[in-house]
Amino acid sequence: MYQVVHSKWEVIINKERCKGCEICINACPQQNLSLSENVNSQGYHYVEFSEMGKKGECTGCKICWWVCPEYAILEVRKNEKADYGS
Amino acid sequence: MEVKQFSSIYENGITTYCPGCEHGLLLKFIGMALDELGITEKAIMVGSVGCSTLAYKFLNVDYVQAPHGRAPAIMSAIKLLEKDKVVFGIQGDGDALSIGIAELIHAANRGIPITVFMYNNMVFGMTGGQMAPTTPEGMKTTTTPFGRDIKQMGPPLDACKILSAFPQISYLKRVVITPKPIFTKDRVMYSSKEAMDSYKAVLNAFKTQLMGGFSFVEFIGTCNVNWKMTILDSKKYVHDVGVKVYPPALCRDAFGVDKR
Amino acid sequence: MKRLIMGAKAIAEAAVSSGLEAYFGYPITPSSEIMENISVLYGERKYPWFKVFLQSASEIESVNMLFGAGAAGYVSMTATSGPGLSLMAEGISYAYASEAPFLIIDVNRGGPGLGNVAPEQSDISFVLNSLGHGGVKPIVLAPHTVQESMEHVHKGFELAFTYRIPVILLTDALIVHMYDTVEWEPPYIVKPKVDWAARGRNYGQRHIINSIYLDPPELKANKERLLQKQKEIEKIAESECFMCNDYLDVLYIAIGISARISKEAVLKLRENGIKAGLFRPITLSPLDKDNLLKYSSRAEKMVSVEMNEGQLAQEIMRITRRDVDVLPYLGGYIPDVEEVAEAWK
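Protein chains in written order, with the working numbering: chain A, -7 to 78; chain B, 57 to 316; chain C, 58 to 402.
Isolated chain A (complex conformation):
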């Protein structure tokens, strides 16, 4: 059986603002963020969020939201798709 896992937290990104500076990618302790292959309208490779990172799921620490200089990381919030308790 295939079970879909959602992390408790998710990161909302405005990809048009991202300039691919990669500060958030380095900052994330779980390495949930990575640079996309695509470019946005400014011509930068933008950052993408994956709920399951190389070292675990997003814990909602918000470090990425604090350090993003472009306000491209809009919000780090509870994931409504997450399974609570069951």
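Hint data in this document are derived by calculation from the structure and do not stem from the laboratory. Worth double-checking, as some hints may not be accurate.
[Said to hold, decoys possible] Cut-off 27 Å, straight-line C-alpha distance, at most; resulting in silico cross-link-like pairs (BS3-like, lysine-lysine):
1) A:K7 <-> B:K236
2) A:K46 <-> B:K236
3) A:K46 <-> A:K7
4) B:K284 <-> B:K236
5) B:K263 <-> B:K217
6) B:K207 <-> B:K249
7) A:K54 <-> B:K315
8) B:K236 <-> A:K54
9) B:K98 <-> C:K248
10) B:K196 <-> B:K284
11) A:K0 <-> B:K249
12) B:K256 <-> B:K292
13) B:K292 <-> A:K46
14) C:K346 <-> C:K332
15) C:K250 <-> C:K108
16) C:K351 <-> B:K139
17) B:K236 <-> A:K47
18) C:K277 <-> C:K248
19) C:K248 <-> B:K141
20) A:K7 <-> B:K141
21) A:K54 <-> A:K0
22) B:K141 <-> B:K256
23) B:K236 <-> B:K196
24) B:K249 <-> A:K47
25) B:K60 <-> A:K70
26) A:K54 <-> B:K141
27) B:K113 <-> B:K256
[Unchecked claim] To be clear about the criterion: a stretch of chain A counts as covered by chain B if any three or more of its residues have a C-beta under 8 Å from a C-beta of chain B, and this derived list gives those stretches:
28) 5 to 15
29) 38 to 52
[To be verified] In silico contact screen, one side only, chain A against chain B (beta carbon under 8 Å); selected entries:
30) W1
31) N18
32) A19
33) P21
34) I55
Virtual Cβ for every residue (Gly too), placed ideally from N, Cα, C.
Given the coordinates of chain A, assemble chains B and C onto it according to the supplied hints.
For chains B and C alone, coordinates are given in the frame of chain A:
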């Protein structure tokens, strides 16, 4: 679920700064602080010449574009006439300490309750990386290709020391806004402490103005393009060299906002 | 009721009673008396609109405070002289491009450089050609009596806010220090409507007072808007032609104290049968071209009487495309009635 928006930031606003520059971080914190204190509807921003002139496309508040270095004079006049509004301005280190130092000193001496944010990246950024009064000794810039010679140009200016001389300043602080890189054996991470401290400083600067005092906050940040470094190297440079010349300090807090 | 009053005091009273809300100034001889007289009126109960009086640290700080006050939509003014006006050129350029209004009184002294403090009219070229970088054309008013100076202060406030443009009142050290009889009250308090002013969003649209337009099409559009405004400002051009009824042997051209002295010379010449007249621009910018062309076409010869090397004559020559003789008074010398009368030959 709707994404939380700030009324002080344009929904589709894009910052046009170089990738890796913390100026955008400063603007984000100003927008957040204005909304948190509920003062967006009565805020008036005065932009200066330099990278802060690009701020008005991002922040959705009333805006006056000042000549190079003259923002403190314009802010003082507006605040004297519109006493219940929140008047603040963003200047660079060249704007505030080179051409505008007379205006800054007189505005600080008068102590009219305005807020001055100074983004200090130790060079003139917008014009291509020339030496600024805050350039540390020996740093190479486009007008000091052999490093800053303090025998001729003197040592770098310390805004906190200069402004400490004025008794009617209420909040004088220097913070580092650059996230500190933390090197582990296989990767590099960034700390968010500097960002949180900067946000606190912005908030407290506005609170000081609301209590009737003059506030000045200096942010030490990077200019990786004009320092000719990669983004990671520029963050290291701030924490290796920058903080030695400009250590973070709370030089004055007359209303005790930092303790609350 | 007529009264005897010194120029500086009259200008100060005219300003405050017309609705001055903020004064930012720096002392410079011969304009300091205007600031001193205004400082005394601050806080008087009959002028509740006079909110701020501040002596700034330099002319640069003065003009930037005027720019701030204008950006916030308040009636503001300063008085300075030649060296101070040079320092204010950057601020005036910014205010002209951002459409922030204020009034600057230039009490012309001897120049260039440090010069002296005697009266001259040597700032005419400076204020007419471009009072700042980028092609700056503020409105320039040129009174010739103390009473007219008072009227022009009131008119200056009104024009500044009607057209959202800096206004320069070009006077000189003599008019500001002479004692003259005046009888003038402000017809109304200048209280303009300023929905464009930067006073906070107030739950509405944001207000932007700006002069940077990085893209060439945007900057072009801004300049075209300012040029269109210049065309509309042409409507307020005003001048006086003294004794210019018909064909003229000589038409004198003068402003300020030179105009007053030239009027005496014209009367003297008329007594001796010489058909002399005087064209006196009241608004130096915009210059009343229609009347100038009309009256100069009737004149055999034109002579400009000015306390400089011929700056006003240059402007008249440019408009009429005719030669204008110059009777210059340099260094602070005041025109002499006899010499002016002789100059018609």
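Against the structure, the hints come out as follows:
no., hint, result
1, A:K7 <-> B:K236, "holds (24 Å)"
2, A:K46 <-> B:K236, "holds (22 Å)"
3, A:K46 <-> A:K7, "holds (22 Å)"
4, B:K284 <-> B:K236, "holds (19 Å)"
5, B:K263 <-> B:K217, "holds (23 Å)"
6, B:K207 <-> B:K249, "violated (37 Å)"
7, A:K54 <-> B:K315, "holds (24 Å)"
8, B:K236 <-> A:K54, "holds (16 Å)"
9, B:K98 <-> C:K248, "holds (22 Å)"
10, B:K196 <-> B:K284, "holds (10 Å)"
11, A:K0 <-> B:K249, "holds (24 Å)"
12, B:K256 <-> B:K292, "holds (23 Å)"
13, B:K292 <-> A:K46, "holds (25 Å)"
14, C:K346 <-> C:K332, "holds (22 Å)"
15, C:K250 <-> C:K108, "holds (17 Å)"
16, C:K351 <-> B:K139, "violated (52 Å)"
17, B:K236 <-> A:K47, "holds (21 Å)"
18, C:K277 <-> C:K248, "violated (32 Å)"
19, C:K248 <-> B:K141, "holds (21 Å)"
20, A:K7 <-> B:K141, "violated (35 Å)"
21, A:K54 <-> A:K0, "holds (13 Å)"
22, B:K141 <-> B:K256, "holds (21 Å)"
23, B:K236 <-> B:K196, "holds (23 Å)"
24, B:K249 <-> A:K47, "holds (22 Å)"
25, B:K60 <-> A:K70, "holds (13 Å)"
26, A:K54 <-> B:K141, "violated (32 Å)"
27, B:K113 <-> B:K256, "holds (24 Å)"
28, 5 to 15, "holds (count 7)"
29, 38 to 52, "violated (count 0)"
30, W1, "violated (13 Å)"
31, N18, "holds (5 Å)"
32, A19, "holds (4 Å)"
33, P21, "holds (6 Å)"
34, I55, "holds (4 Å)"
Hint check: violations occur at hints 6, 16, 18, 20, 26, 29 and 30; the rest are consistent with the structure.
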